[in-house]
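S.K.: These are the residues of each chain, in order.
Number of protein chains: 2
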Amino acid sequence: MKTSSERQNAVRDYLKKCSADAIIIPSGDNHFGEYYQEYYACRKWVTGFTGSAGILVVTAKSAALWTDSRYFVQAEKELLGSGIILMKMKMEGTPSIPEWIKKETGNMGVVVLDGSLVSKSEFESLSKALNPLLLNAIDDPFTEIWEERPALRFNKITSLDVSLAGESISSKIERVKSSIPSYGKFAYVISICDDIAWLFNLRGTDIPYNPLFASYSVITKERTFLFVNDSVIENTLEKELNSQGIDVLSYNNIGQFIASFGDDVTFVAPADKISISLYNQAILGGAGFISDEVKGGITGALKAVKNSTEQNGFREAMKRDAVAWVKFIMFMESELAKETETLAEHILAEKFANLRAESPDYRGESFHPIVAFGENAALPHYSPSENKPVTISKEGFLLVDTGAQYIYGTTDTTRTFAIGELTEEQKRDYTLVLKGMINLSRAVFPKGTRGSSLDFLARGPICTAGKLYSHGTGHGIGHYLCVHEGPQSIRMEENPVELKPGMVTSNEPAVYVPGSYGIRTENVILCKDFETNLYGTFYDFETLTLVPVDTRAIIVSLLGNEELEWLNNYHKVVFNTISPLLKKEEAEWLAARTACIG
Amino acid sequence: MKTSSERQNAVRDYLKKCSADAIIIPSGDNHFGEYYQEYYACRKWVTGFTGSAGILVVTAKSAALWTDSRYFVQAEKELLGSGIILMKMKMEGTPSIPEWIKKETGNMGVVVLDGSLVSKSEFESLSKALNPLLLNAIDDPFTEIWEERPALRFNKITSLDVSLAGESISSKIERVKSSIPSYGKFAYVISICDDIAWLFNLRGTDIPYNPLFASYSVITKERTFLFVNDSVIENTLEKELNSQGIDVLSYNNIGQFIASFGDDVTFVAPADKISISLYNQAILGGAGFISDEVKGGITGALKAVKNSTEQNGFREAMKRDAVAWVKFIMFMESELAKETETLAEHILAEKFANLRAESPDYRGESFHPIVAFGENAALPHYSPSENKPVTISKEGFLLVDTGAQYIYGTTDTTRTFAIGELTEEQKRDYTLVLKGMINLSRAVFPKGTRGSSLDFLARGPICTAGKLYSHGTGHGIGHYLCVHEGPQSIRMEENPVELKPGMVTSNEPAVYVPGSYGIRTENVILCKDFETNLYGTFYDFETLTLVPVDTRAIIVSLLGNEELEWLNNYHKVVFNTISPLLKKEEAEWLAARTACIG
Numbered sequence: 001m002k003t004s005s006e007r008q009n010a011v012r013d014y015l016k017k018c019s020a021d022a023i024i025i026p027s028g029d030n031h032f033g034e035y036y037q038e039y040y041a042c043r044k045w046v047t048g049f050t051g052s053a054g055i056l057v058v059t060a061k062s063a064a065l066w067t068d069s070r071y072f073v074q075a076e077k078e079l080l081g082s083g084i085i086l087m088k089m090k091m092e093g094t095p096s097i098p099e100w101i102k103k104e105t106g107n108m109g110v111v112v113l114d115g116s117l118v119s120k121s122e123f124e125s126l127s128k129a130l131n132p133l134l135l136n137a138i139d140d141p142f143t144e145i146w147e148e149r150p151a152l153r154f155n156k157i158t159s160l161d162v163s164l165a166g167e168s169i170s171s172k173i174e175r176v177k178s179s180i181p182s183y184g185k186f187a188y189v190i191s192i193c194d195d196i197a198w199l200f201n202l203r204g205t206d207i208p209y210n211p212l213f214a215s216y217s218v219i220t221k222e223r224t225f226l227f228v229n230d231s232v233i234e235n236t237l238e239k240e241l242n243s244q245g246i247d248v249l250s251y252n253n254i255g256q257f258i259a260s261f262g263d264d265v266t267f268v269a270p271a272d273k274i275s276i277s278l279y280n281q282a283i284l285g286g287a288g289f290i291s292d293e294v295k296g297g298i299t300g301a302l303k304a305v306k307n308s309t310e311q312n313g314f315r316e317a318m319k320r321d322a323v324a325w326v327k328f329i330m331f332m333e334s335e336l337a338k339e340t341e342t343l344a345e346h347i348l349a350e351k352f353a354n355l356r357a358e359s360p361d362y363r364g365e366s367f368h369p370i371v372a373f374g375e376n377a378a379l380p381h382y383s384p385s386e387n388k389p390v391t392i393s394k395e396g397f398l399l400v401d402t403g404a405q406y407i408y409g410t411t412d413t414t415r416t417f418a419i420g421e422l423t424e425e426q427k428r429d430y431t432l433v434l435k436g437m438i439n440l441s442r443a444v445f446p447k448g449t450r451g452s453s454l455d456f457l458a459r460g461p462i463c464t465a466g467k468l469y470s471h472g473t474g475h476g477i478g479h480y481l482c483v484h485e486g487p488q489s490i491r492m493e494e495n496p497v498e499l500k501p502g503m504v505t506s507n508e509p510a511v512y513v514p515g516s517y518g519i520r521t522e523n524v525i526l527c528k529d530f531e532t533n534l535y536g537t538f539y540d541f542e543t544l545t546l547v548p549v550d551t552r553a554i555i556v557s558l559l560g561n562e563e564l565e566w567l568n569n570y571h572k573v574v575f576n577t578i579s580p581l582l583k584k585e586e587a588e589w590l591a592a593r594t595a596c597i598g
Numbered sequence: 001m002k003t004s005s006e007r008q009n010a011v012r013d014y015l016k017k018c019s020a021d022a023i024i025i026p027s028g029d030n031h032f033g034e035y036y037q038e039y040y041a042c043r044k045w046v047t048g049f050t051g052s053a054g055i056l057v058v059t060a061k062s063a064a065l066w067t068d069s070r071y072f073v074q075a076e077k078e079l080l081g082s083g084i085i086l087m088k089m090k091m092e093g094t095p096s097i098p099e100w101i102k103k104e105t106g107n108m109g110v111v112v113l114d115g116s117l118v119s120k121s122e123f124e125s126l127s128k129a130l131n132p133l134l135l136n137a138i139d140d141p142f143t144e145i146w147e148e149r150p151a152l153r154f155n156k157i158t159s160l161d162v163s164l165a166g167e168s169i170s171s172k173i174e175r176v177k178s179s180i181p182s183y184g185k186f187a188y189v190i191s192i193c194d195d196i197a198w199l200f201n202l203r204g205t206d207i208p209y210n211p212l213f214a215s216y217s218v219i220t221k222e223r224t225f226l227f228v229n230d231s232v233i234e235n236t237l238e239k240e241l242n243s244q245g246i247d248v249l250s251y252n253n254i255g256q257f258i259a260s261f262g263d264d265v266t267f268v269a270p271a272d273k274i275s276i277s278l279y280n281q282a283i284l285g286g287a288g289f290i291s292d293e294v295k296g297g298i299t300g301a302l303k304a305v306k307n308s309t310e311q312n313g314f315r316e317a318m319k320r321d322a323v324a325w326v327k328f329i330m331f332m333e334s335e336l337a338k339e340t341e342t343l344a345e346h347i348l349a350e351k352f353a354n355l356r357a358e359s360p361d362y363r364g365e366s367f368h369p370i371v372a373f374g375e376n377a378a379l380p381h382y383s384p385s386e387n388k389p390v391t392i393s394k395e396g397f398l399l400v401d402t403g404a405q406y407i408y409g410t411t412d413t414t415r416t417f418a419i420g421e422l423t424e425e426q427k428r429d430y431t432l433v434l435k436g437m438i439n440l441s442r443a444v445f446p447k448g449t450r451g452s453s454l455d456f457l458a459r460g461p462i463c464t465a466g467k468l469y470s471h472g473t474g475h476g477i478g479h480y481l482c483v484h485e486g487p488q489s490i491r492m493e494e495n496p497v498e499l500k501p502g503m504v505t506s507n508e509p510a511v512y513v514p515g516s517y518g519i520r521t522e523n524v525i526l527c528k529d530f531e532t533n534l535y536g537t538f539y540d541f542e543t544l545t546l547v548p549v550d551t552r553a554i555i556v557s558l559l560g561n562e563e564l565e566w567l568n569n570y571h572k573v574v575f576n577t578i579s580p581l582l583k584k585e586e587a588e589w590l591a592a593r594t595a596c597i598g
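Sequences listed follow chains X and R, in order. Per the numbering used here, residue 1 is the first one in the first sequence, and the count goes up by one each step. Per the numbering used here, residue 1 is the first one in the second sequence, and the count goes up by one each step.
For the record, the hints were derived by calculation from the structure and aren't laboratory data. Keep in mind it's a predicted model, so treat the numbers as computed, not measured. By construction, the Cβ of each residue, glycine as well, lies at the ideal position given by its N, Cα and C atoms. Errors might be hidden in some of the hints.
Derived coverage of chain X by chain R (criterion: at least 3 residues anywhere in the stretch with Cβ under 8 Å from a Cβ of chain R; other residues may be distant) [what the hints assert, rightly or not]:
1) 406-417
2) 435-445
3) 460-472
4) 560-570
Result set (DMTMM-like, lysine to aspartate or glutamate): computed pairs, CA atoms no more than 25 Å apart in a straight line [stated by the list, open to error]:
5) R/Lys327 with R/Glu358
6) X/Lys90 with R/Glu531
7) X/Lys221 with X/Asp272
8) R/Lys572 with R/Glu586
9) R/Lys295 with X/Glu493
10) R/Lys17 with R/Asp140
11) X/Lys103 with X/Glu76
12) R/Lys295 with X/Glu494
13) X/Lys528 with R/Glu493
14) X/Lys427 with R/Asp540
15) R/Lys583 with R/Glu316
16) X/Lys295 with X/Glu498
17) R/Lys500 with X/Glu92
18) X/Lys500 with R/Glu34
19) X/Lys388 with X/Glu76
20) X/Lys427 with R/Glu531
21) R/Lys90 with R/Glu34
22) X/Lys583 with X/Glu562
23) R/Lys528 with X/Glu493
24) R/Lys77 with R/Glu375
25) X/Lys319 with X/Glu333
26) X/Lys185 with X/Asp247
27) X/Lys447 with R/Asp140
28) X/Lys500 with R/Glu494
29) R/Lys447 with X/Glu493
30) R/Lys528 with X/Glu494
Extracted from the complex, chain X is given alone in its bound form:
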């Protein structure tokens, strides 16, 4: 196996060959998703750094890796001996990538990067920042550099019945078309795999956690084209798609297809969701370009608003998942009651996956589960590992954040459990985080409200203790799709997307006390119509998640009457909905855990 230095030199040989002075090697694939196949792990292959976020730059004589604070310790360790400089993002004194490249190259020369991995808008802003250096989009250099590169896997695609999707493909395509401003002969290009999976009521298994398949789509006035790998679609499914006006074409032909648009076609796509490579091919082919200015792109914005079938699917998924949660919590507690300190975090994570698999409609986890005890829970992105087993001891908080894919919906739930005695500070923090979660759950707000207006309802209570969480409060969630979905969010940062009925979002305030403990309580909430009256239209949230909240850590006096009422009512709903699906002793356990407090 080659060392990182040898791999860097292979990259440098490539640079020489193409007369370039620096190369930027980002993380990710040509579909801009959260997960990607090992085939695209080029940055990891060169550096040895295994974190999810990082951008490598290699010049003739030097190399540097930019990553964020989550990975500083890990990157330092993994880069040891590689000669690669660690660039700590957002820290004082850290140069930006363009600044560093300019310095290393003496402010002249050519910079290259794989044009399939960067969007048109990113490429253009990078290009501007690198000026006077020239930035060139090139083809994937690693087909040449990476000798034992893993193969791409393309698995069979399955159809999601309209009884689960709630809307036919043709109806969705019509809605997309009617959102495209009329530019005569247009071609709307989609590169985002979850948008395509949603649009065509199809699901795949190409990558972990997200039920997606590698694909592109082009929509014109007359026809719709779906580009997938050869033989991933069975004949019967292809015929069914054909019958709905969809031509299935070969994935590898997307570039050629786009290049053939010609000068009477207006090529439309969101500038931040189309690669510079595809963009260049269309423009070289003569097409004009209009950016899709809808926030999240036309398909992303439509996908975010769940129809009533999808909403019901979420409710069903939450029920199935709650059954697994009840069994999981009971298992955990009985194991801990054994008075032996041998229960490890990763064992619990495995157990949970097995319990979920008891449902025939389960299709895997929706993200890598977090089961974190004590100080581990203070790391928001901690993962348990059997290579470094951590045993749950007798006192502290156990944080469990997991989610699942069911054929009717995606879940994402966090509960924090009180193990043994807690300090007053721990109880207060737990209660303030819960208070924030309840505040957001209870919100009623006028049409037009953005998530940033509501964020502080959840964030405020823990701030009164002089503590905070630095992540967002809520992310969109897909319907049997990606657990992290846009375009809406509930964050402090401004995001102009308005919350709309049908949008499904997480509600996850938290607190992290470094070296000590972490608390997060997360439900999934659905935006719904509340009331329309002479003042206008109001929306509110329905809480979809149905998992009991550990009431043992609550200081009741810190909750207002209405907050307590909300919690007791929530627990009543949980019990009434889930207990019929449980065995007698499970239902009895749930009755105790959902009993009224205060």
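Fit chain R to the known structure of chain X by using the hints.
M.R.: Using the frame of chain X, we list chain R on its own:
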């Protein structure tokens, strides 16, 4: 007296003379403030429409006035017979000003407007929207058109002692200079009168409510120039200013001065706070331009953060004002107890002004007072008038929103009083508005928080009743300056300005039930340091206003323990601070009104 039609024709004669096809006549003066002298009321003079917001456009054959929903009814009435079309802003089907002008002129020709009344950035966006029509900035056309135009008043300017301002002029000027990015030879131009009043520790009386004087200022590396009208500054004051490196020049020479910058000078100003006229004069003179990109402008941003002397001044002003409030409420109640229904709103407003005038440091009201009974209070911008006296009858809410200028600070307080029996709905609405006010008062938030993140703390409670208020929750407040001040705000709309310790803002949730009643409870809050710890820096608010809240309309069970505790503690502070300044019977009354509830 001429009719509106005759006046429009005078404008049309002018258009013909200068070969223009349309003229835009905005509201306001050359300093972009909220209030202006009658001399600048050109739009009102032509149209007869007396509302504060409105833009008139006159073409060869037509005329139209754009105004917002506050003024639809009034404008319809006042425009009757004028032939001027009323354009209802933000209503479906209403064309924008450029759209309408394009249609009226057949999409060709020349549009003019007074270049001293429009900022560089506004002019440029208007120019773009009017394309292909040409937009020309002209000199004030009404010097010619308006025959019996009122004269401008320029009153004596007074100095604000540094013991009240808290910082010397030279120190402020140094801070302004150090915020100007270094562009070699620069000239920073200030057109905003309250920024100038703050910078030079001066106050005036040229316009109502705002203690300002017409002025400009130019700051260069070596000297600072203050442009004021002749003989408004006494010799001794001028000498004192001179001794601090300030040259006092004639107000009317500002254009000429700017034109003489020459091509080695970089002229710096906020693009939205410099008139296109002044900008053009500088550019024609050869100067280069750099926009001051600080939100609110450099001086606006510095002014917004009150120093500790100013903060103490606010506290003093609030005490004085609270004494007047106590006397006012007692007067009102004793009048109402007389069992005769003869107490009119405008009488109460006058009484309040007289009570305030008992303080030698009082310098007038900070805005036109609102004393509104019953359905009048449902109009957020209602003014009582002796021309149309409204008597306070025995049941309903009386809303009083007034503020004052004291030499040490500016106040702005709203209280809503329960007169007679209230309905359950009225009590609930009152309590929810109060709950919102308390929520915001109690907020603790991390450094970097924008007002838009906190707005919903105040707005949320009344939304749970399916009601709302459509104005912002909080505006900045000047220190013995404008009661409406930027750049920070607490609104739903995104405003990138972060809240900082020293910023003074209003906190005024409300609800308006059309045709029935209105409720608003307003305090002034000061942003302060709360704590710095391993999580970062946190801020909170100190409530400055010291006026009892009417507890008779509260439904105690709708308030949480902490909210009730806040209110009881607030009332304790009010009593302890104000009672020593009161007569015995007043203090007894206050004790009853600030007694613990719940």
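S.K.: Against this structure, judge whether each hint is valid.
M.R.: Evaluation of the provided hints:
no. : hint                   : result
1   : 406-417                : violated (count 0)
2   : 435-445                : holds (count 4)
3   : 460-472                : holds (count 6)
4   : 560-570                : holds (count 4)
5   : R/Lys327 with R/Glu358 : holds (11 Å)
6   : X/Lys90 with R/Glu531  : holds (23 Å)
7   : X/Lys221 with X/Asp272 : holds (23 Å)
8   : R/Lys572 with R/Glu586 : holds (16 Å)
9   : R/Lys295 with X/Glu493 : holds (17 Å)
10  : R/Lys17 with R/Asp140  : holds (14 Å)
11  : X/Lys103 with X/Glu76  : holds (23 Å)
12  : R/Lys295 with X/Glu494 : holds (16 Å)
13  : X/Lys528 with R/Glu493 : holds (22 Å)
14  : X/Lys427 with R/Asp540 : holds (23 Å)
15  : R/Lys583 with R/Glu316 : holds (18 Å)
16  : X/Lys295 with X/Glu498 : holds (10 Å)
17  : R/Lys500 with X/Glu92  : holds (22 Å)
18  : X/Lys500 with R/Glu34  : violated (36 Å)
19  : X/Lys388 with X/Glu76  : holds (19 Å)
20  : X/Lys427 with R/Glu531 : holds (21 Å)
21  : R/Lys90 with R/Glu34   : holds (21 Å)
22  : X/Lys583 with X/Glu562 : violated (32 Å)
23  : R/Lys528 with X/Glu493 : holds (22 Å)
24  : R/Lys77 with R/Glu375  : holds (20 Å)
25  : X/Lys319 with X/Glu333 : holds (21 Å)
26  : X/Lys185 with X/Asp247 : holds (18 Å)
27  : X/Lys447 with R/Asp140 : violated (43 Å)
28  : X/Lys500 with R/Glu494 : holds (18 Å)
29  : R/Lys447 with X/Glu493 : holds (13 Å)
30  : R/Lys528 with X/Glu494 : holds (24 Å)
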